[in-house]
Amino acid sequence: MKNDLIPSSPLTVNWAITNKCNFACNHCYSRSDTKEELDLEMVFTILDTLSRAKVFSINFGGGEPLLRKNLLEIARRASDLGFAVSMNSNGYLIDRDMAGKLKEAGFAKVGISIDSPQPDIHDNFRGIKGSHARAIEALKYLKGAGIETSISSVICKINIEDVDGLVEMALSSEVANINFHNFKCSGLGFANKDILDLTPLEWRDFYIRAIELRKKVNGLRISLEDPIISQLGETGEETLVKGSVCGKLSLNIKSNGDITPCGFIPIVVGNICTDDLMKIWNESPVLHKMRNKEPQGKCLSCDSKSDCLGGCTARTLALTGDMNNPDPHCWKNES
Amino acid sequence: MKIFRNPDAMWREEDESRDQANQGLETGEDVADIGTSIILHSGKMHSLNILGTEIWKLLDGKSLDEIVASLQEGFEVEEEVLREDIKTFLSEMKEEGLIYEE
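Quick mapping for you: the protein sequence lines, in order, are chains V and E. Each residue of the first sequence is one higher than the one before, counting from 1 in my numbering. Each residue of the second sequence is one higher than the one before, counting from 1001 in my numbering.
If you are wondering where the hints come from, they were derived from the structure by calculation, not from laboratory data. No false leads were mixed into what you were given.
If you anchor each label on the Cβ, the simulated ranges turn out as follows: (1) 23(V) - 1096(E): 34 to 40 Å; (2) 1044(E) - 41(V): 34 to 40 Å; (3) 1060(E) - 97(V): 36 to 42 Å.
To list a few chain E residues with every Cβ distance to chain V over 12 Å, as calculated: (4) 1022; (5) 1030; (6) 1059; (7) 1078; (8) 1079; (9) 1082; (10) 1089; (11) 1091; (12) 1099.
Here are the simulated DSBU-like cross-link-like pairs (lysine-lysine), alpha carbons at most 30 Å apart as the crow flies: (13) 109(V) - 216(V); (14) 1094(E) - 215(V); (15) 109(V) - 1044(E); (16) 1062(E) - 54(V); (17) 1044(E) - 54(V); (18) 54(V) - 1094(E); (19) 332(V) - 1044(E); (20) 1057(E) - 279(V); (21) 54(V) - 1002(E); (22) 54(V) - 1057(E); (23) 157(V) - 129(V).
Note that beta-carbon positions come from the ideal geometry of N, C-alpha and C, so glycine has one too.
Here chain V stands alone, though its shape is the one from the complex (with noise of 0.2 Å):
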């Protein structure tokens, strides 16, 4: 299961640039992460080493990225580099003042997590009272100083009955985005995946309407990252490469520099402060096999191997301890 392009180096790069954080989610996977932080020092080194990388853009997260001290100097240097500047926030610090200051900073997007639009059950979820009214605000005040905004919402056992919801939820907010996390077994995602999880049967359900909801809703991108959606007809038409994008498009920094594929995968490929990227990038050999995946079970027979290749490779390797084997949320052979 090989892809016909890998870029030759990473397009994006999700940069955890802090991993203090003012909430308490019940699915965190930083929670236990290490707490290092990088000086400004270093952390503009690195952004001149992915300019020089060419990659395109960073989007800041974390952990809660506005509790890093000077996020504000380390964005406009990134946007002055010419990275399309993002990061995804709790909202929670964000006023007025605040959206005014991050658009100032060069920041082009900013996702708000929003996991319910039933405020009591994204409170209970993220463990801090008013933190769902205070995520609305911040999309308010976000939009209305000119930055592009999104919502983010961890598909799970808490609002699969109310999707249609979180649809109107983002059309009442004008956001330009909703994104649907599959949920990953990631931290605490692995800890509480038995109460939180769906079945192979409820995400095949849940695809279905959100491609519905895709199809039928004006004004507002419903985006669905999970390659297993291709078993509906969903090509993934929209990025260069098959299955999962981490460790193929993307990197991910954690806060001390360390390198991993993505946030969900904690395989550490080597470090953005003492290793050369290029070479991460070219010659590792976690990376490589995530790129040659190698079907296994009842990928062998799946017509949709071919633009699935395996799944998220996170869930699976955090699931079933090889990367190779079937994506545990899919639900062909499943009854």
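Once you've looked at the hints, dock chain E against the given chain V.
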């Protein structure tokens, strides 16, 4: 009519692929399927082959005639064939919102 790249579209050349395509051109190989640049726009990615890349790089306000004249120097192909290829390419680019005309 002047044609411009959409400034919101991010793009880059893939150096190794471009060198491979250039080498192929010299030895007369078919290089149409070698992607030598990548464009990212509105969450969608596009890969261009060497002819597409060369057209793309010229879209800084040049007219169709200027693009044809410029590319005829580098590609051994009849002018009318080249013109039709470029028109088809530009039409696809326009449909994707990657270029605009003034």
